[in-house]
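**Q** Next come the chains, spelled out residue by residue.
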Amino acid sequence: MVNIYHFLNGEIRKLTLKELRPALQDPKSVVWVDMEDPMEAEEETIMVAMCDFHHLAIEDCQRGRGDDGHLPKVEDFGEYLFVIFNPVEGVASNDTTDAIARLEVRTSQLSSFLTKTLLLTHHYKQQRSINYVAGLCAKNPQVMGRGPDYLFHMIIDDVVDNYTPMLDNLDDAIDRTEDEVFHEPSADTMMRILQLKRNIMTVRRIAVYQREMLNRLSRGEFPLITTDEMMYYRNVYDHLVRMTDMTDSYRDMVSSLLDAYLSVTSNRLNQVMKVLTIISTIFLPLSVITGFFGMNFTHLPAANWEHGVLVTTIGMLIVAAGMLAFFRWNKWL
Amino acid sequence: MVNIYHFLNGEIRKLTLKELRPALQDPKSVVWVDMEDPMEAEEETIMVAMCDFHHLAIEDCQRGRGDDGHLPKVEDFGEYLFVIFNPVEGVASNDTTDAIARLEVRTSQLSSFLTKTLLLTHHYKQQRSINYVAGLCAKNPQVMGRGPDYLFHMIIDDVVDNYTPMLDNLDDAIDRTEDEVFHEPSADTMMRILQLKRNIMTVRRIAVYQREMLNRLSRGEFPLITTDEMMYYRNVYDHLVRMTDMTDSYRDMVSSLLDAYLSVTSNRLNQVMKVLTIISTIFLPLSVITGFFGMNFTHLPAANWEHGVLVTTIGMLIVAAGMLAFFRWNKWL
Amino acid sequence: MVNIYHFLNGEIRKLTLKELRPALQDPKSVVWVDMEDPMEAEEETIMVAMCDFHHLAIEDCQRGRGDDGHLPKVEDFGEYLFVIFNPVEGVASNDTTDAIARLEVRTSQLSSFLTKTLLLTHHYKQQRSINYVAGLCAKNPQVMGRGPDYLFHMIIDDVVDNYTPMLDNLDDAIDRTEDEVFHEPSADTMMRILQLKRNIMTVRRIAVYQREMLNRLSRGEFPLITTDEMMYYRNVYDHLVRMTDMTDSYRDMVSSLLDAYLSVTSNRLNQVMKVLTIISTIFLPLSVITGFFGMNFTHLPAANWEHGVLVTTIGMLIVAAGMLAFFRWNKWL
Amino acid sequence: MVNIYHFLNGEIRKLTLKELRPALQDPKSVVWVDMEDPMEAEEETIMVAMCDFHHLAIEDCQRGRGDDGHLPKVEDFGEYLFVIFNPVEGVASNDTTDAIARLEVRTSQLSSFLTKTLLLTHHYKQQRSINYVAGLCAKNPQVMGRGPDYLFHMIIDDVVDNYTPMLDNLDDAIDRTEDEVFHEPSADTMMRILQLKRNIMTVRRIAVYQREMLNRLSRGEFPLITTDEMMYYRNVYDHLVRMTDMTDSYRDMVSSLLDAYLSVTSNRLNQVMKVLTIISTIFLPLSVITGFFGMNFTHLPAANWEHGVLVTTIGMLIVAAGMLAFFRWNKWL
Amino acid sequence: MVNIYHFLNGEIRKLTLKELRPALQDPKSVVWVDMEDPMEAEEETIMVAMCDFHHLAIEDCQRGRGDDGHLPKVEDFGEYLFVIFNPVEGVASNDTTDAIARLEVRTSQLSSFLTKTLLLTHHYKQQRSINYVAGLCAKNPQVMGRGPDYLFHMIIDDVVDNYTPMLDNLDDAIDRTEDEVFHEPSADTMMRILQLKRNIMTVRRIAVYQREMLNRLSRGEFPLITTDEMMYYRNVYDHLVRMTDMTDSYRDMVSSLLDAYLSVTSNRLNQVMKVLTIISTIFLPLSVITGFFGMNFTHLPAANWEHGVLVTTIGMLIVAAGMLAFFRWNKWL
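These protein sequences, in sequence, are chains R, A, F, L and D. The numbers in the first sequence follow the numbering used here, run straight up by one, and end at 333. The numbers in the second sequence follow the numbering used here, run straight up by one, and end at 333. The numbers in the third sequence follow the numbering used here, run straight up by one, and end at 333. The numbers in the fourth sequence follow the numbering used here, run straight up by one, and end at 333. The numbers in the fifth sequence follow the numbering used here, run straight up by one, and end at 333.
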């Protein structure tokens, strides 16, 4: 599906494919072509025939059909800029504890071409940010009037804003997992920590790549981004710096969780071993005492004494108490 | 609440909002506008209408309303410099051991605009450093006469000085936790170590960002900071270098604490296991001996011998002592 | 075996060794000399006598006879470029679980000399990518007409594409090993994890070296690579960036697997210890009770009571249940 | 206490405070002012009134009164260079094993101002290196004649030389601790390893900072260091490179010690567990056998047989030996 | 001992100390002075009186008398280049397993001065590479005719080649230790792993320093190395790159060995614990059963029944088998 928005003299009109070519040649208009899951014929007509984009760039676009898409990058082809961005997908069900394990961060690919008068966006999955900016333009056409670079900034700014709920989910998941580690660690906890770590590493990697990209976009390296707009790209860059900073601290926290989990497990083992030792310390000696008086000697002492059993029982209690007291005094238990 | 200080001819006067505009246009005066938790109307009047600051910078200011505030940064808008600084908050109750866990480092945001004659500070929470510098100006107006860049240096110097008690708290907490690890480790110790680590990482992150920022401010990158004042910014930079150095060594120490904790836990397990083994080594053989003489054989040896019990008892003691001696000799225990 | 392809006027002809020298001197033709496991005489004739390549470069080629070959590198000799690339070998049998341990990544060496009209490739093992590009040229001679640099790019592009199945194998192996770790860890699991790690590190190392090399090739450092072709080398560079990114995340995952394995092992130990403690907790006290009534006292209580055995048995059951309940209540078990 | 050395025409004279001012104005003389724990009045007179040093630098000097002193740094004030160096203090008692734990590395602060004719050194604690160089000058006045930069190099060269015994101490301590870890690990070993690590990190940190500083001093960044003297500063730089290299390898060794300690502890646990298992494997079955013949059945087999006890005893020995053999054969023990 | 080789007109002659001075002044000759464990008088005559080398460089040479020698470095004194290289010593006895622990890597120091016509090598221990190059020159004087820089390259190339057997030894040692870890881990294994790690780190450190040095020598930074020879230094650089790469992967493998060792130890512990638990699970209940029928109740059930013992024995076997089956079914064992 291809949507073509054409801004001229303060108004936005939707164009058909046929009207696109003359619009592209008008230096006063701004054109935004959004290709969502396009047919190959459409790609051929617009990207090759009309715009003459490099075939390697087009191939990179088409790689977005795959699972994770291409890593973020920006390439300067002189007359146009080719930018790949990675929106993050995969909303997590947030209500149950099991959600921690099920939350999985996925990335998709949003490819864009940027010339002086054209913004072409190309993606296979529906993108919230594209719809959001299209809606914004419908309300206020002047947004589009500020040029393709401003329009593009609007899109990636929204993409980056959409990372925030994902980060919040991760933060919640870390908190819940920390609770779990310290209060009811189970055999699945480890699996959840690893899943968390993997999600965080995915988000971090995208953020780092995009941060580097935005850094280049915002420091005047590409003449297609005007000086006025650079400030806006700097703003997106700032968001990504903050984001990588947060994922860094999340990574630290998850590493700590791993340590904590091992330590809690080891503490539980200590606890169990102490119980076993207490049990043995009390009952093994008693066993020997009862065994002693169970021996079949004719001259067993106290065997015929009336209070023998009572005294022996009391002796056993004293021995048990004494051993416990001795070990506790030695801080062995 | 907005406080406006106006320095002219060696005197400081407090201005109302109305008197601000002419003061701003006088190149000989120095103006300090401090906005503490300002109303939106005030922000609109001063920052937009009078000073014409960039709306992205203003939005960054307003982000300070949130939990942690924006990360430290400095941005050069040509006619003015926009700087975000992060004072550290959250005094810890220092008297009880439990305080270690409760101590939580929080950051707030202090945004500033710096022109040749104006310093505008913007924050939502009350800032000790602002009050301190305001007091200083009241006592000695010439402080303000040295220009907005000197005034701003006074504020961030005090902000950085205020990190010191926080660092001392962390140092104390590390020492106390080390004591705890080696002398009375409990299940909570691990949680405290992790909390410590998190606090240290927070302080370290802020210090690193601000160090980089001060480095840029002090090496003549921004013309609004005069050469004479650069030395003062260098001084603040030095403090932050020292601070990151300290947080680095704190981080090392906390990592060591984690190792130590696991090792202490593991030593305790060894101790408990040894006790169990000693108990078993003594009493299991004795159990067999008593069992032996408890067998219902008609021809049980020594069964009818008068000193049988005595000899058996002595034999049991010898066996117990012998086994212990044997294992100790083998360094197994 | 030496294959010589000669492109002139849109046609490709295979040359004999004798026809090579005149072809090399024709500035309009493109020559591709592929030396597969060449004899020393051939090397002498072509590389020394005809092309006059530096003897150190030739020695580097010959090092490819060894196990792993030389590390990737590019060297500019002015009139020619000397490039070493490392194809990855060693297809893994994929069907059984044991394959994980048996999969071993091996590298071979592909050396190339690049002048304005000549591409010389030198290798000891048969290379899929060489055959693939030779086939391509047979179908479409114009491929060779675009020059040795384009031809060379085709080869290394295919070499890099061939890494993909290896990476997929590693990905599968990681998944299978993760399953194994969490569901049926054995003594061999550790060995498999280490083998995996080693394979990943091998792939990663090659990818990093080649990425750096491609980076240099694609940014115009060498005049022998024309500006038009640089875009294609950039494309290969992008693939290698993605590849190192994947190996980085694989490395992270394998490290996590190690942690997980140790944690699972430790959980199993806890489980076993709990069983031992439960057994001891139930039967040691019972042993003492039966021992008690086995003592040979004349006045043993209840000894002659008709229901003595029944009551004692019930008492034993109550004690066993009570101890279990007590420990469970204390969360010790 | 202030010592003023004045070199003129090949002779060194000690000056009083009054004679200092004219000496400072003579471009042919070399003056060395050493301030050891100076009074504030002296600081005021010399550093402010006579030399007009920047008050921030003077404040940095005064910070040396504190515990660890300021971190090493060099600052160029145009007419003079301000350098802070950190001598290492704290000789360790070397004879007993307990010394490892007691050895504590401390740093002090040595601040210096360097002009074309003046070297001013400022410190609170007595410095061996200062006394050593003063002694050298007394013997050979020409040392001082080579200028303040040569004099200053003599001092820091000696400071760095004094690190060597400290490094040797650390090396010894590592060796002793390694012995302890492998041959008689105790609960204190961990504490000693941590103390060692902390000392090493302290030395390393100072060495790294000073190495960076010397690097700047030796590469001609500061015009006050003449080209001839740069070689000498390079020499000190080399020493510091070697020192950081040694501390790096010490750090590695201490990390390895930690691993070794945990592994040795874990081996001991294994040893103890094996003893427990051997004991249980022998005596629990024997207990059951004796229990079997202790049952009060009327028709107990062999009960009345004359050799019953002997055969049973032999049987018990066979069972015990057999179980041990079986487990050993299975390599379980 | 001092050997002086003098190349003039295609011939090499050995000179005495007296003949050296005129030879040094002849710009057409090439002189190689090799000082092996020289007397101080010889050092004085040649290095100071004749060549006028800087005394700091000479002191650095003399540091080679110590244990490890100076770290590799290169210094440009304008008219001459001063280079320190570290040959690796210490051949390991390779035949027994114990050799792993005994293998110890040692470094020595080879200092060299390089002018346009002179190569001076200075070392205290006999150096294989020096003898090898001297032998080569004897056979083919033209080697020396290519100048001191070529001669020097020959020496360090051979020094670096001599690292290879050491690396092979380390590789073997790693393989043998891996075998040991997985098949017969002992208490000494840990010590061997640590010794291995230390050796690898030593080799790695030298390789890294020398790689950096060769990088500088090979990129035209020093005019004394002619452009033609740079290629040869690049070749040595390549060897060192490969070497650091190998030591990097060795380091990774040794780290993995540590993990593996801990995991194997932990698996053994699990194994031992399982044996203990199986023993307890079988025999503790049986003990209670025999105890039950050993109680001295008058009305003990089945006491007088003829098949009581048989039935009880069968019951005991069923209980033992049942418990084992139950635990196995629960996957607890």
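Hints may contain errors.
Identical copies look the same in the list; a pair holds intra-copy or inter-copy alike.
[Said to hold, decoys possible] Straight-line C-alpha distance at most 25 Å; calculated SDA-like pairs for lysine to any residue:
{"hint": "1", "residue 1": "Lys116", "residue 2": "Trp305"}
{"hint": "2", "residue 1": "Lys139", "residue 2": "Leu56"}
{"hint": "3", "residue 1": "Lys73", "residue 2": "Arg205"}
{"hint": "4", "residue 1": "Lys125", "residue 2": "Asn169"}
{"hint": "5", "residue 1": "Lys28", "residue 2": "Ile174"}
{"hint": "6", "residue 1": "Lys139", "residue 2": "His55"}
{"hint": "7", "residue 1": "Lys139", "residue 2": "Glu59"}
{"hint": "8", "residue 1": "Lys274", "residue 2": "Met191"}
No wet-lab data here; the hints were simulated from the structure.
**Q** Would you mind marking each hint as holding or not holding in the structure?
**A** Checked hints:
1. Lys116 - Trp305: For Lys116 and Trp305, neither the intra-copy (112 Å) nor the inter-copy (106 Å) Cα distance is at most 25 Å.
2. Lys139 - Leu56: The answer is between: 22 Å across copies meets 25 Å, while 36 Å in one copy does not.
3. Lys73 - Arg205: both (13 Å within a copy, 23 Å between copies)
4. Lys125 - Asn169: The answer is within: 22 Å in one copy meets 25 Å, while 28 Å across copies does not.
5. Lys28 - Ile174: neither (51 Å within a copy, 55 Å between copies)
6. Lys139 - His55: between (36 Å within a copy, 21 Å between copies)
7. Lys139 - Glu59: between (34 Å within a copy, 22 Å between copies)
8. Lys274 - Met191: For Lys274 and Met191, only the inter-copy Cα distance (22 Å) is at most 25 Å; the intra-copy one is 28 Å.
Of the numbered hints given earlier, the model fails hints 1, 5; all others are met.
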